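Based on the sequences and whatever the hints tell you, model everything.
Chain by chain, the residues run as shown.
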Amino acid sequence: GAGVSQSPSNKVTEKGKDVELRCDPISGHTALYWYRQSLGQGLEFLIYFQGNSAPDKSGLPSDRFSAERTGGSVSTLTIQRTQQEDSAVYLCASSSTGLAETQYFGPGTRLLVL
Amino acid sequence: DAKTTQPTSMDCAEGRAANLPCNHSTISGNEYVYWYRQIHSQGPQYIIHGLKNNETNEMASLIITEDRKSSTLILPHATLRDTAVYYCIVRVYTDKLIFGTGTRLQVFP
Numbered sequence: 064g065a066g067v068s069q070s071p072s073n074k075v076t077e078k079g080k081d082v083e084l085r086c087d088p089i090s091g092h093t094a095l096y097w098y099r100q101s102l103g104q105g106l107e108f109l110i111y112f113q114g115n116s117a118p119d120k121s122g123l124p125s126d127r128f129s130a131e132r133t134g135g136s137v138s139t140l141t142i143q144r145t146q147q148e149d150s151a152v153y154l155c156a157s158s159s160t161g162l163a164e165t166q167y168f169g170p171g172t173r174l175l176v177l
Numbered sequence: 176d177a178k179t180t181q182p183t184s185m186d187c188a189e190g191r192a193a194n195l196p197c198n199h200s201t202i203s204g205n206e207y208v209y210w211y212r213q214i215h216s217q218g219p220q221y222i223i224h225g226l227k228n229n230e231t232n233e234m235a236s237l238i239i240t241e242d243r244k245s246s247t248l249i250l251p252h253a254t255l256r257d258t259a260v261y262y263c264i265v266r267v268y269t270d271k272l273i274f275g276t277g278t279r280l281q282v283f284p
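Residue numbers (my numbering), protein chains in the order written: chain A, 64 to 177; chain B, 176 to 284.
By construction, these hints were calculated from the structure, which means they are not laboratory data.
None of the values given here were measured: they were computed from a predicted structure.
Keep in mind that a hint or two might mislead.
[What the hints assert, rightly or not] Only pairs whose alpha carbons sit at most 30 Å apart, straight line, appear in this in silico DSS-like list of lysine-lysine:
#	chain 1	residue 1	chain 2	residue 2
1	A	120	B	271
2	B	271	A	74
3	A	120	B	178
Put into structure tokens, the structure is as follows:
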């Protein structure tokens, strides 16, 4: 596809369950980013990948959050033992080479933890 | 923490120019000014960025004051589809984006 895609678009889960969110960056983009946007709030940076490594994971809110990227392409954000405060829109972005380049965002995954 | 100050909300009549201000009084010499917008229920969209000189592209113009302590994003002929939250971000070219709360622009008929 031409843009960043994310799946699922919506996810409802029960407190305590694990969830996996997927991001497909723009083809050829080596840098990938995850952000979180809680209701009515601005975007919160979570983690940044350059290739398959994550030089900056400073925004992950707790050890329940983890992310990986394989083959320099698809990334998965995993939230273990979800809590209600994890409810938010999780946004993925990619850029061609790194932080210096323009980031292009996907449509987001809306997560609701009941 | 965001390094910018923007009005919470603004209105603009369709067809008129929308001028969105941003204060960044503590900007450093190597920091760029970026603008993104977020239309309801969508991911943010890049608009424009600049360092010192004014910039123009197909979407907007960016006017940066000579002392670089403030800037204005100009949408020359606003349409209803320009209704969105507009984020002004200051960052070093190789640093991550830090979003504030932005300006909610409402374009009315």
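Practice prompt. Compare the distance between the alpha carbons of residue 120 (chain A) and residue 271 (chain B) with 30 Å, and conclude whether the hinted pair is satisfied.
Written response: OK: residue 120 (chain A) and residue 271 (chain B) at ~11 Å, within 30 Å.
Worksheet item: residue 120 (chain A) and residue 178 (chain B): Cα distance at most 30 Å?
Response: 21 Å, holds
Worksheet item: Between residue 271 (chain B) and residue 74 (chain A), is the straight-line Cα distance small enough, at 30 Å or below?
Response: Holds - the C-alpha atoms of residue 74 (chain A) and residue 271 (chain B) are around 27 Å apart, at most 30 Å.
The structure shown violates none of the earlier numbered hints.
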